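Undergrad: Go ahead and model the full structure; you've got the sequences and the hints to work with.
If you read the protein sequences in the order shown, they are chains A and B. Our numbering puts the first residue of the first sequence at 1, with every later residue one more than the last. Our numbering puts the first residue of the second sequence at 114, with every later residue one more than the last.
Everything labelled a hint here was simulated from the structure, so no lab data went into it. Here the structure is a predicted model, which is why all the values come from computation and not from measurement. By construction, the Cβ of each residue, glycine as well, lies at the ideal position given by its N, Cα and C atoms. Treat each hint with caution, since some may be false.
What the hints assert, rightly or not - Here are the simulated lysine to any residue pairs, SDA-like style, with alpha carbons at most 20 Å apart:
#1 208/B with 98/A
#2 208/B with 52/A
#3 155/B with 109/A
#4 155/B with 42/A
#5 155/B with 11/A
#6 208/B with 60/A
#7 180/B with 100/A
#8 80/A with 15/A
#9 208/B with 53/A
#10 180/B with 98/A
#11 169/B with 99/A
#12 155/B with 22/A
To be verified - Derived DEER-like restraints, expressed as beta-carbon distance ranges:
#13 120/B with 99/A: 21 to 31 Å
#14 20/A with 130/B: 38 to 48 Å
#15 65/A with 193/B: 36 to 46 Å
#16 11/A with 142/B: 38 to 48 Å
#17 144/B with 60/A: 20 to 30 Å
#18 191/B with 59/A: 35 to 45 Å
#19 144/B with 5/A: 21 to 31 Å
#20 54/A with 128/B: 44 to 54 Å
#21 58/A with 169/B: 32 to 42 Å
#22 125/B with 3/A: 29 to 39 Å
#23 188/B with 39/A: 25 to 35 Å
#24 11/A with 130/B: 38 to 48 Å
#25 59/A with 194/B: 34 to 44 Å
#26 1/A with 193/B: 18 to 28 Å
What the hints assert, rightly or not - Here are a few chain A residues that sit away from chain B, every Cβ distance over 12 Å (derived from the structure):
#27 14
#28 28
#29 29
#30 62
#31 73
Listed here are the chains, written in short residue letters.
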Amino acid sequence: SQTIHQWPATLVQPVGSPLSLECTVEGTSNPNLYWYRQAAGRGLQLLFYSVGIGQISSEVPQNLSASRPQDRQFILSSKKLLLSDSGFYLCAWSPNISNQPQHFGDGTRLSIL
Amino acid sequence: QKEVEQNSGPLSVPEGAIASLNCTYSDRGSQSFFWYRQYSGKSPELIMFIYSNGDKEDGRFTAQLNKASQYVSLLIRDSQPSDSATYLCAVNDYKLSFGAGTTVTVRA
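TA: And the structure:
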């Protein structure tokens, strides 16, 4: 069966520091991969998605970037964090077939001080 | 205009009652529809999906889809305190679009 791993679970970072969140998927090949952010009490905001190695689509302009160095690895990064980057970051995957649901990792709660 | 809209809630129901959650979407070409449950502080978990008009039942959950009205709903029968969560409607146009969620509280 397929599993998705996301780490760390919680992170406290100072303003201006760099960020790297990692997500890996097991048990499937060539998945679609996604990064979402959920602000407190708000809905899910799609940040990036990827349909293959090195292929990244950005949904909103922001202080963040994403990379997919391997088929089942998705990384969310920032060079300098802002206070507004605080939130619950979720990685998700779906099969590379149309009309399939997405499955989420456990998320990373990021607090910027 | 938001792509996916859900009734704002919160929705409070007594234990054993039916909870009814509604969702409308704007893209008439949408093909697939999903309901996720999100407990406080946790990630969303897929609980139902539906592709065709009509009803689909899975245990105490029933999803209903009406493509002509661009409307999808979720019924939770015999609501339990463990059903207390936020329920997210998601619609697949060229990407998965999520509603803001409806928070359900089941009171004992």
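Undergrad: Hints first: check each against the structure and report whether it holds.
TA: Quick rundown of the hints versus the structure:
no., hint, result
1, 208/B with 98/A, "9 Å, holds"
2, 208/B with 52/A, "15 Å, holds"
3, 155/B with 109/A, "10 Å, holds"
4, 155/B with 42/A, "13 Å, holds"
5, 155/B with 11/A, "15 Å, holds"
6, 208/B with 60/A, "14 Å, holds"
7, 180/B with 100/A, "18 Å, holds"
8, 80/A with 15/A, "7 Å, holds"
9, 208/B with 53/A, "19 Å, holds"
10, 180/B with 98/A, "18 Å, holds"
11, 169/B with 99/A, "17 Å, holds"
12, 155/B with 22/A, "18 Å, holds"
13, 120/B with 99/A: 21 to 31 Å, "25 Å, holds"
14, 20/A with 130/B: 38 to 48 Å, "46 Å, holds"
15, 65/A with 193/B: 36 to 46 Å, "43 Å, holds"
16, 11/A with 142/B: 38 to 48 Å, "39 Å, holds"
17, 144/B with 60/A: 20 to 30 Å, "24 Å, holds"
18, 191/B with 59/A: 35 to 45 Å, "39 Å, holds"
19, 144/B with 5/A: 21 to 31 Å, "30 Å, holds"
20, 54/A with 128/B: 44 to 54 Å, "51 Å, holds"
21, 58/A with 169/B: 32 to 42 Å, "35 Å, holds"
22, 125/B with 3/A: 29 to 39 Å, "35 Å, holds"
23, 188/B with 39/A: 25 to 35 Å, "29 Å, holds"
24, 11/A with 130/B: 38 to 48 Å, "40 Å, holds"
25, 59/A with 194/B: 34 to 44 Å, "36 Å, holds"
26, 1/A with 193/B: 18 to 28 Å, "27 Å, holds"
27, 14, "23 Å, holds"
28, 28, "15 Å, holds"
29, 29, "20 Å, holds"
30, 62, "17 Å, holds"
31, 73, "19 Å, holds"
Consistency with the previously given hints is maintained throughout, with no hint failing.
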